[in-house]
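Novice: For reference, the chains in residue letters:
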Amino acid sequence: MTAAPAMSAAAGADVLLEVERLTMRFGGLVAINDVSFHARRRQITGIIGPNGAGKTTLFNCITGFYKPTVGRLTLRREDGEQFLLERMDGFRIGQKARVARTFQNIRLFTGMSVLENLMVAQHNKLMLASGYTVLGLFGAPVFRRAEAEARDLAVSWLERIGLTAVADQPAGSLPYGAQRRLEIARAMCTDPVLLCLDEPAAGLNPRESADLNALLMSIRDEYDIGLLLIEHDMSVVMGISDHIVVLDYGSKIAEGTPLAIRNDPAVIRAYLGEDEQE
Amino acid sequence: MSANVAAPQAPSVFFQAAKEAFFTAILVAMLSILMVGYQTEVLQGQNMSYVTRFGDVMWAVILVPVGRFLLVLGRSGMLWPPVVLAGAATIYLFGAAVLGLLGLAIYPTLPLPYDQPMVNAIFAVGGLFVVAGAARARRDRTKGAQTFEKREAAEARQAHVAKNLSRILGPILIVVALVIPWTPWGDRALVDSLVLVMTYVMLGWGLNIVVGLAGLLDLGYVAFYAVGAYTYGKLSTSLGLTFWESLPIAGAMAALFGIILGFPVLRLRGDYLAIVTLGFGEIIRIILINWQAFTGGPNGIGNITRVDFFGLPFERNPAPGTESFHTFFGIDFSTTHRVVFLYYVIIALALITNFVTIRLRKMPIGRAWEALREDETACRALGINPTNTKLTAFAIGAMFAGFAGSFFAARQGFVSPESFTFIESAVILAIVVLGGMGSQVGVALAALLLIGLPEVLRDLSLYRMLVFGGVMVLIMLWRPKGLLAYREPTLLLHGRRGKKKAEVPA
Amino acid sequence: MDWFPYFLQQLINGLTLGSIYGLIAIGYTMVYGIIGMVNFAHGDVYMIGAFQAMIVLLLCGTLGISWIPLQLLLMLVVAMVLTAAYGWTVERIAYRPLRGTQRLAPLITAIGMSIFLQNYVQLVQGPRPKPVESLISGGIPVMTRAEGGFVVTLGYMQIIIVLLTVALMAGFTLVITRTSLGRAQRACEQDMKMASLLGVNVDRTISMTFVMGAGLAAIAGSMVTLYYGNNDFYMGFLAGIKAFTAAVLGGIGSLPGAMLGGILLGLIEAMWSAYFSAEYKDVAAFGVLVLVLIFRPTGLLGRPEVEKV
Chain A
1 MTAAPAMSAA AGADVLLEVE RLTMRFGGLV AINDVSFHAR RRQITGIIGP
51 NGAGKTTLFN CITGFYKPTV GRLTLRREDG EQFLLERMDG FRIGQKARVA
101 RTFQNIRLFT GMSVLENLMV AQHNKLMLAS GYTVLGLFGA PVFRRAEAEA
151 RDLAVSWLER IGLTAVADQP AGSLPYGAQR RLEIARAMCT DPVLLCLDEP
201 AAGLNPRESA DLNALLMSIR DEYDIGLLLI EHDMSVVMGI SDHIVVLDYG
251 SKIAEGTPLA IRNDPAVIRA YLGEDEQE
Chain B
1001 MSANVAAPQA PSVFFQAAKE AFFTAILVAM LSILMVGYQT EVLQGQNMSY
1051 VTRFGDVMWA VILVPVGRFL LVLGRSGMLW PPVVLAGAAT IYLFGAAVLG
1101 LLGLAIYPTL PLPYDQPMVN AIFAVGGLFV VAGAARARRD RTKGAQTFEK
1151 REAAEARQAH VAKNLSRILG PILIVVALVI PWTPWGDRAL VDSLVLVMTY
1201 VMLGWGLNIV VGLAGLLDLG YVAFYAVGAY TYGKLSTSLG LTFWESLPIA
1251 GAMAALFGII LGFPVLRLRG DYLAIVTLGF GEIIRIILIN WQAFTGGPNG
1301 IGNITRVDFF GLPFERNPAP GTESFHTFFG IDFSTTHRVV FLYYVIIALA
1351 LITNFVTIRL RKMPIGRAWE ALREDETACR ALGINPTNTK LTAFAIGAMF
1401 AGFAGSFFAA RQGFVSPESF TFIESAVILA IVVLGGMGSQ VGVALAALLL
1451 IGLPEVLRDL SLYRMLVFGG VMVLIMLWRP KGLLAYREPT LLLHGRRGKK
1501 KAEVPA
Chain C
2001 MDWFPYFLQQ LINGLTLGSI YGLIAIGYTM VYGIIGMVNF AHGDVYMIGA
2051 FQAMIVLLLC GTLGISWIPL QLLLMLVVAM VLTAAYGWTV ERIAYRPLRG
2101 TQRLAPLITA IGMSIFLQNY VQLVQGPRPK PVESLISGGI PVMTRAEGGF
2151 VVTLGYMQII IVLLTVALMA GFTLVITRTS LGRAQRACEQ DMKMASLLGV
2201 NVDRTISMTF VMGAGLAAIA GSMVTLYYGN NDFYMGFLAG IKAFTAAVLG
2251 GIGSLPGAML GGILLGLIEA MWSAYFSAEY KDVAAFGVLV LVLIFRPTGL
2301 LGRPEVEKV
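Sequences listed follow chains A, B and C, in order.
The numbering used here puts the last residue of the first sequence at 278; the count rises by one with no breaks.
The numbering used here puts the last residue of the second sequence at 1506; the count rises by one with no breaks.
The numbering used here puts the last residue of the third sequence at 2309; the count rises by one with no breaks.
Mixed in with the good hints, there may be bad ones.
Claimed, not checked - Chain B stretches covered by chain A per the calculated footprint, using a threshold of three residues with CB under 8 angstroms from any CB of chain A: (1) 1357-1371; (2) 1379-1389; (3) 1487-1494.
Claimed, not checked - If you only want the chain B side, here are some residues facing chain C, beta carbon under 8 angstroms, derived: (4) 1035; (5) 1264; (6) 1283; (7) 1286; (8) 1434; (9) 1465; (10) 1476.
These aren't lab readings, by the way, just hints derived from the structure by calculation.
Just so you know, even glycine gets a beta-carbon here, dropped at the ideal spot from N, CA and C.
Chain A with its partners taken away, still in its complex shape (with noise of 0.2 angstroms):
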């Protein structure tokens, strides 16, 4: 691999996420040139940069539905296990290196209910307890009591999201801000190690984007994962990251904390116009 190791050695025990030289081309275009950074466990990496710098394209790398021309993706678990992303099958990458994701046009199943929407996205853990469909067939106790797990895990996310009354409606029905609320219960109902999310807040009323705010720190403190966002929010960005990576024409101009990154002059210059408009 064409990775440089020198960045591998400043990484902590907390680095989640290890993006080393990360480049994608679509013919001529380079939409990613040489980016690197660190997404660590229990923060918030937050991702912002003009329209066009590169955001989704990185996220689409990070999930598998673009293959990185070059660079290295390596995602570290907890107990020392590696994915290396980059060379992982677009579903794989959420189902054996729990790599779960939301997109910036809301993709639910829309004729599905809303709590069939979070059992679909328990499915791997059920098609096991199924017997790959054979022993759910049959209606074996081990597949029931895993489904009626399943089903207390997406009735506990229904509560926290506030939808529990409209579980058995389609989920297309739901308003704007509901559906995006959904589509994050939905993401983390895959128990994944690694959440990242486009652009969340998007649409959202400025009480919808308080709610959200609310809900992915909680998500933070609670669970063990870190989670990855691109944002245009700024108050969402600057107000719940803990880490910031600025993009700009694919490559990556400055990295710090919020207040770094508000000071930043390049990040200014870039980004947020000559004259900063907080």
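Position chains B and C relative to chain A; hints supplied.
Specialist: Only chains B and C this time, still in chain A's reference frame:
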């Protein structure tokens, strides 16, 4: 009342209607002048000649534009004149057609546009269309313009009706199906037709897994039906296996074919998958025609052991030393025994298909199928293996087609490639879509309609498939989502009655 | 170079057949490009085109028109216009009312329409195959193989078919790229809702697409009538499937792709029949389609889809 609505704009409405009727007349003339006006005939020695039928063209050029004229008037709010005129024409033409079909002597004396009763009946359907159009326009008018919300509400209502209807209809259909051979109407011909209908119900339910649940457009489903049929045919003629012994093998073979064919192509999306499956269907058929040594070529495989009653054959004169169904039970021999038994076998097979499908839907795999139909990208993000999931749907669907195929072979006693043409795949797909994708009762109804109807129309040999195609179009136009379209969640938090539409906290 | 004459003859035959597939395939590819549906009735529209061309020829005989160019012209024009009416009607009745519903509904009406049209023709014209005397026979001997006296012939009919196809393709490309109708079609292809907001008459544009597709299919039908001279009501089915295969092979939605796919398919069939077995030529055609799709899922000239997430 209707006049009040139409009066202020009457001249322009009439003008508009006349204009449209004029264009319709030109169109109908263009469509019919050569195709209907000149019937080509092949003479001796490869020469051709023709007979003209300008009378038929003329009537079409008169009747269709008149219908269009009335329809435009009806749509613009005039109710009674179009309904009365078109209605009267419909009743007259349809009544006359019925008289003609019954072969009554009065028919030729009636003044009618066409000699053939069925053609008059088809024009009667056109009249019905006008009446329906006018009535619908009136309904929309009194209820105000259609808005998006209203349409959604109407769809929700329809789904609700469909749900309740299926809940009532399902058990009723099963009971009727079970007792019908014992009723006075359950004669051999009817039961025989019902066997055919039930075969298609089973095929429809099988394909429903692939198309309705997993959302994979399969236009070559008949290939797996063929694999099942030929598997039993070969096992019976070469190895002497009975139907019951072959049944699981036939299903397994079909499933295996499903996996082999599915593996390379299931990555393809939507219509690409459709054309490739269609291609596979044709490939299998061509191989069946041409691989003389194994499949018997165009003549197929004959002398396949018919289905037996768990070891007892249905034969008038059983071989010496063996028993037959009627000798064992000490009853008189009747060919009906076999038909009735076949009927129950296929009902059992179909119900098993149905039961397994309903169970599968509630399994993780079933939910994954539906999720995959809704959004494959999201599925991958959730760690669901799309290829394996699709492959299971494909294989399980194929397996049921294999069962149905081996039943078909056991019923017929012979198999040949001509039973497995593309049109069969198309009909099965039509059953699934017309039924309302995913709705088990809907599929059964659609099969009853699409397979039963041609059976009823058997006497109209020439018009049978014409009506069949027309009905397919009309039903789809009438209910684009299918006859009984609704989806019930696979698990409910609040039970069947549920809470009334709850407020969603924003 | 002993194999060459035979090969050359197959090449000529394949090209001719391929041109016909290509002409039909354009109808599929245009409709697919604009409304994203497979018009299964298109093959039957082609069949109707062949029948109408045949009837025009017959009438020419009755009317005493014997000058071949005039016969050809009449046949093409009349068949094109009258078949276009069928294309328009099919769209108007079976597809337009279903616009904006779920994807499968128009597919089913298309299959229903196909069944309807086949049986309609069987009813009005009878089920027996219709032999048509060839109007133009003979050809130019291109070369002769030394032994066996095998003469490679370039038939006049073959020349006409290929030239006509080339001319139509050129004209068609002009229509699509240079006229306002073509612009409207391309706009609808990209975004139907936006096109309609910008004042493009979407219904009319789609109707015209069907009319054009049907017109081309009628020309293909006329050519087949003259070339093979054996029409029956079922001929549209296989030709339709082949042409759709050609459209997918070339990359559905792409006009040059349809032509390329058609010619490739024609060549594969001719070569396979000549060198392997005529019985399995359809298997070969579908086999190539499957292979192409596996390695290039959007066809040869189709734009590769970049998945947006």
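Novice: Look at each hint and say if it fits the structure.
Specialist: Hint-by-hint comparison with the structure:
Coverage of the segment 1357-1371 of chain B by chain A holds [criterion: at least 3 residues with CB-CB distance below 8 angstroms; count 9]. Look at the segment 1379-1389 of chain B against chain A: 8 of its residues bring a Cβ nearer than 8 angstroms to a Cβ of that chain, three or more, so the hint holds. Residues of the segment 1487-1494 of chain B lying with their CB closer than 8 angstroms to a CB of chain A number 7, which satisfies the three-residue condition for coverage. For residue 1035 of chain B, the interface hint holds, the least distance from its beta-carbon to any beta-carbon of chain C being 6 angstroms, beneath 8 angstroms.
Taking 8 angstroms as the C-beta contact cut-off toward chain C, the hint placing residue 1264 of chain B at the interface holds, the least distance being around 5 angstroms. With its C-beta approaching chain C no nearer than about 5 angstroms, residue 1283 of chain B sits inside the 8 angstroms limit, and its interface hint holds. Checking residue 1286 of chain B against chain C: minimum C-beta separation of about 5 angstroms stays under 8 angstroms; hint holds. For residue 1434 of chain B, the interface hint holds, the least distance from its beta-carbon to any beta-carbon of chain C being 7 angstroms, beneath 8 angstroms.
The closest approach between the C-beta of residue 1465 of chain B and any C-beta of chain C is roughly 4 angstroms, which is under the 8 angstroms cut-off, so the hint is satisfied. Contact between residue 1476 of chain B and chain C, as hinted, is supported at the beta carbon level, the nearest pair being about 5 angstroms apart and thus within 8 angstroms.
Every hint from the earlier list agrees with this structure, and none is contradicted.
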